[in-house]
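Take the two lone chains and join them into the complex the hints point to.
Going down the list, the sequences are from chains C and L. Numbering-wise, the first sequence is residues 1 to 272 according to the working numbering. Numbering-wise, the second sequence is residues 1 to 156 according to the working numbering.
Just to be clear, a hint being listed does not mean it is correct.
Quick list of in silico lysine to aspartate or glutamate cross-link-like pairs, EDC-like style, CA-CA up to 20 Å [unchecked claim]:
1. L:Lys115 <-> C:Glu73
2. C:Lys195 <-> C:Asp215
3. C:Lys51 <-> L:Asp52
4. C:Lys144 <-> L:Glu41
5. C:Lys109 <-> L:Glu43
6. L:Lys11 <-> L:Asp52
7. C:Lys149 <-> C:Glu131
8. L:Lys40 <-> C:Asp30
9. C:Lys51 <-> C:Asp160
10. C:Lys82 <-> L:Glu123
11. L:Lys40 <-> C:Glu37
12. C:Lys109 <-> L:Glu41
13. L:Lys54 <-> C:Asp30
14. C:Lys11 <-> C:Glu49
15. C:Lys82 <-> C:Glu70
16. L:Lys115 <-> C:Glu75
For each label pair, taking beta carbons as the anchor points, the in silico distance ranges come out as [as the list claims (entries may be wrong)]:
17. L:Ala114 <-> C:Lys229: 47 to 57 Å
18. L:Thr28 <-> C:Asp160: 45 to 55 Å
19. L:Ala114 <-> C:Asp151: 37 to 47 Å
Partner residues aside, some chain L positions facing chain C, computed with beta carbon under 7 Å [to be verified]:
20. Met1
21. Lys17
22. Asn19
23. Gly42
24. Glu43
25. Leu55
26. Ala62
27. Gly64
28. Ser129
I should point out that these hints are in silico values taken from the structure, not numbers from a laboratory. Virtual Cβ for every residue (Gly too), placed ideally from N, Cα, C.
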Amino acid sequence: MVNGYQATSLKEALKILAKESVTPYSGGTDLMIDPEEHATFLFLARISEMKNIIEDTEYLRIGAACTFTEIIENELVPEILKEAAAQIAAPAIRNLATIGGNICNGSAKGDSALILFATDAKLRLVSSRGERVLPIAEFYLGRKKTALKSDELLVEILIDRINLSNYYYKKVGARDALAISRVSFAAILNVADGKIVNCMTAFGAVSDIIIRRPDIDAMLVGKTTKEAKVVKKEYIAAYDQAIIPIKGRISAEYRKAVCMNLLRDFLESNGI
Amino acid sequence: MMINFILNGQKVVSTAKANERLLDILRTEFACTGVKCGCKEGECGACSVIIDGKLVNSCMVAMGYVESCTVMTIEGYRKTERFAVLDTSYASVSAVQCGFCTPGMVLASECILAKNPNPTEAEIREGISGNLCRCTGYNAIVQAISIAAKEGKGLW
Numbered sequence: 001m002v003n004g005y006q007a008t009s010l011k012e013a014l015k016i017l018a019k020e021s022v023t024p025y026s027g028g029t030d031l032m033i034d035p036e037e038h039a040t041f042l043f044l045a046r047i048s049e050m051k052n053i054i055e056d057t058e059y060l061r062i063g064a065a066c067t068f069t070e071i072i073e074n075e076l077v078p079e080i081l082k083e084a085a086a087q088i089a090a091p092a093i094r095n096l097a098t099i100g101g102n103i104c105n106g107s108a109k110g111d112s113a114l115i116l117f118a119t120d121a122k123l124r125l126v127s128s129r130g131e132r133v134l135p136i137a138e139f140y141l142g143r144k145k146t147a148l149k150s151d152e153l154l155v156e157i158l159i160d161r162i163n164l165s166n167y168y169y170k171k172v173g174a175r176d177a178l179a180i181s182r183v184s185f186a187a188i189l190n191v192a193d194g195k196i197v198n199c200m201t202a203f204g205a206v207s208d209i210i211i212r213r214p215d216i217d218a219m220l221v222g223k224t225t226k227e228a229k230v231v232k233k234e235y236i237a238a239y240d241q242a243i244i245p246i247k248g249r250i251s252a253e254y255r256k257a258v259c260m261n262l263l264r265d266f267l268e269s270n271g272i
Numbered sequence: 001m002m003i004n005f006i007l008n009g010q011k012v013v014s015t016a017k018a019n020e021r022l023l024d025i026l027r028t029e030f031a032c033t034g035v036k037c038g039c040k041e042g043e044c045g046a047c048s049v050i051i052d053g054k055l056v057n058s059c060m061v062a063m064g065y066v067e068s069c070t071v072m073t074i075e076g077y078r079k080t081e082r083f084a085v086l087d088t089s090y091a092s093v094s095a096v097q098c099g100f101c102t103p104g105m106v107l108a109s110e111c112i113l114a115k116n117p118n119p120t121e122a123e124i125r126e127g128i129s130g131n132l133c134r135c136t137g138y139n140a141i142v143q144a145i146s147i148a149a150k151e152g153k154g155l156w
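So that you can see chain L by itself, here it is in the shape it has in the complex (with noise of 0.2 Å):
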């Protein structure tokens, strides 16, 4: 009865509902709270997650929906050799500034550059357009995407 599935590259057995959000679940559970709580409703995408390589907002996936799936959360993806390459490129254009969206927009960015490693910067912008950001004004963000494209090559 219990819920199977790869989270951050460990095989897990969650004991939670099948209705429960993966949010809720992710946060309190395994204790992923770089998984941020903005909305629960799909609008602001500080709890995008990858599911078998695609970007998702945790907050909209119930718990028996990621039976037997991959998920990575910014907690696994931070140990890859993209994170640091795109942990250097947000930092060097301040592209963070209180953070709460950080761990969704860098995710975000995983998935624009592993579907295009060479966005435009429309293609940027499309890929985050689902990531709210009070602070930055999004031109910070869009900037360290695309020095993380261009100091990247070949990783994505």
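Chain C on its own, in the form it takes in the complex (with noise of 0.2 Å):
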């Protein structure tokens, strides 16, 4: 075909990604809006070790090529994703959108982005050369700009495999379906022996990159809910401090008041 090639194999393309210039093409949902004239496509939706969803000791593995329908239709995967998943712009789109083109579009407005900076997920990259696993948080750059090299492929992602079912998420958008976040936020806390063992908190469709402040969460950590309570002042102040919101079609204000109300209704909601 001309301007594409349709890969059955990762190696195969592999193989044209290192050779040719070409946009890896995954579902296209972000690609379509606005493509470019000359570009030449990698399509990647027939390879199969882009498909799987599996668990094996220590994560779940989604593979990038899978569409959010069939994140949504998969028993494997965490109610989390599911529902942020099943919040992205309506079924048609979910048919052919993918996780991994919501990753390496780079925008910090990525729906399932957002779950994965709060899971502290990792990408598995590959290129003809190698491969190579990088916390999502240091996947992005900056706005629309990602770690990916233009021979690589993100090919997986990984979840660690804590227990992620008692979660937050918010996704605040104009309406319903075919909605962009205007922000979102996710969080997971985790008590074992009335202690919180783990707090993961990100706030998406906020800044150029989806906040995520682990060094900031670590202040409930360890704590019972009573001690979370004396320390909730300052934890909610820290945020206040790290989140600098941008302008976009929304105020900044807006924005702002948005996140801390959905903290503190997610620490509200854990007794907090």
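Shown next, in the form of structure tokens:
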């Protein structure tokens, strides 16, 4: 085909990527909004190595070319990711759009990327030279800028097999369907033997990069709910400093107010 | 160097480039003008088609993606028994006004019923949530789909 390659294996795709000037095309739903006239696409939808959702002893491994419909329908996927995926766009977009594309698009508004930040997911990047595994927070370098090299593909997303069932997720959009996040927030809080063992929060659509501050969340770890209440003010103040929203279609003040409200609601819903 | 796929049950070959939009090629090369162009950014659903059994916005699909796929547009779907049921149910409650969203809406209806022959109202609304209609206010469309589910027993 002219201006395109249809790859059927990862090896074949990486070979083309190393030699030719091509744009990896997974679901296409971001690319086709404004396609470059002379772009040559490398179609990834038939690469089986990028379509699996499997568990091993350490991780849940989600193939980067899995569509959001496939993610919603898969029983291994944690509810927090399913809930976020189900709120993306509408069924016809979710049938095409992939989790890998959502990440590689490099936007802080990516609704699945938010969940991957909150869960400290890792990305398996593969090229014909070899492969590396990068924490998602290191993958994002700025607005629409990622650490992906021109000969690399995001092949899999690795999520630690920790308990993700006690989660909080809110997407604030202008309407239910086909809405871009104005602010989004995801958090996980686990308590064992009366003490908080993890607190993981992430704020999306606020800044150029999704905000994830494990150093601030650490203030609550190791504490009982009662002890957490004592440092609550300090914790909220730390986020108040850390969150510097940018003005987009909506004001920075609005974004900030919503972030802080969601953070408080998350704490309150956990008795803090 | 051609792109081969099945369009409405027929094997076809397109001379289009792999980076062209399926929407444009369906309308120009294959004269499937029932596939409407509303927004070209995946926001309105007027260009909905069914690829390998799944509803997609054809404006968001590059031609290279459809190589070896099965594509159904309203032109093919209207020859089916299921369409006849939807046609009658849509007409019975005046679920069509200007008609611009209708081809996409009918294909979305098909995908709702193919997945679940007895959808709840919430499932119907979710299923058409990517198909915008400026005329009807949606209630008549939701009703039409639920009538089709009853009248078309056994077809889905």
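Check: Hint numbers the structure violates, sorted upward?
Finding: Hint check: nothing fails, all pass.
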